[in-house]
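**Student:** Take the sequences, apply the hints, and build the full model.
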Amino acid sequence: MPNAYLSIGTNIGNRQENLENALKSLNQTENIKITHVSSVYETDPVGFEDQDAFLNIAVALETTLDQETLLQTGLNIETELGRVRLIRWGPRLIDIDLLLYDDIKQQSPTLELPHPRMTERAFVMIPLQEIAPDVVAPLLQKEVLQDQGIHKTKIKLEW
1 MPNAYLSIGT
11 NIGNRQENLE
21 NALKSLNQTE
31 NIKITHVSSV
41 YETDPVGFED
51 QDAFLNIAVA
61 LETTLDQETL
71 LQTGLNIETE
81 LGRVRLIRWG
91 PRLIDIDLLL
101 YDDIKQQSPT
111 LELPHPRMTE
121 RAFVMIPLQE
131 IAPDVVAPLL
141 QKEVLQDQGI
151 HKTKIKLEW
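Last residue of the sequence shown? That's 159 in full-length UniProt numbering, and every number before it is there in order.
In short, the hints are calculated from the structure, not lab data.
Where hints are given, some of them may not hold.
[Claimed, not checked] Label-pair ranges, simulated between beta-carbon atoms:
| id | residue 1 | residue 2 | range |
| --- | --- | --- | --- |
| 1 | D52 | Q106 | 27 to 35 Å |
| 2 | D52 | D102 | 16 to 24 Å |
| 3 | Q16 | K105 | 32 to 40 Å |
| 4 | D44 | Q16 | 12 to 20 Å |
| 5 | N14 | D103 | 33 to 41 Å |
| 6 | G13 | K154 | 19 to 27 Å |
| 7 | Q107 | W159 | 27 to 35 Å |
| 8 | Q28 | H151 | 16 to 24 Å |
[Claimed, not checked] Below, in silico cross-link-like pairs of lysine to aspartate or glutamate (EDC-like), each with a Cα-Cα straight-line distance of 20 Å or less:
| id | residue 1 | residue 2 |
| --- | --- | --- |
| 9 | K33 | D44 |
| 10 | K154 | E62 |
| 11 | K33 | E62 |
All of these numbers come straight from a predicted model, not from anything done at the bench.
Glycine is no exception: its CB is placed at the ideal position from the N, C-alpha and C atoms.
**Tutor:** Put into structure tokens, the structure is as follows:
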């Protein structure tokens, strides 16, 4: 079964509950089995900085869905949970990004794999390294990520 890795983040409302709801929705989706969830990290916003801090996690899963369907599933969950897209890199109730899908490299109008900016973002790479160090090791640029305002929290998610 193919392995995929997601990044999930939130900075609006009850952030812990938002992450838990996203995990529950993924876990209840047919053909998706969550295998690992990282610790919760609180991170400074990137891009549009005039907004609240994010909570971010990385998720490893097994799926029989193809990568395009998995991407659409994440987008559907975002919509179901109430995400409204107003400002690029702006505040969001929930954000589910497909980072990696097996070893597939893809560039299409709807999906780019691996995610094109993942290696530049501590809020993606540090949680991902926690759950998939062998996958991340060749990609990680520690010197770029160190000063990006990321802090591991003690939040325990229930899903």
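**Student:** Out of the numbered hints, which ones does the structure contradict?
**Tutor:** Numbers 2, 8, 9 and 10, in rising order.
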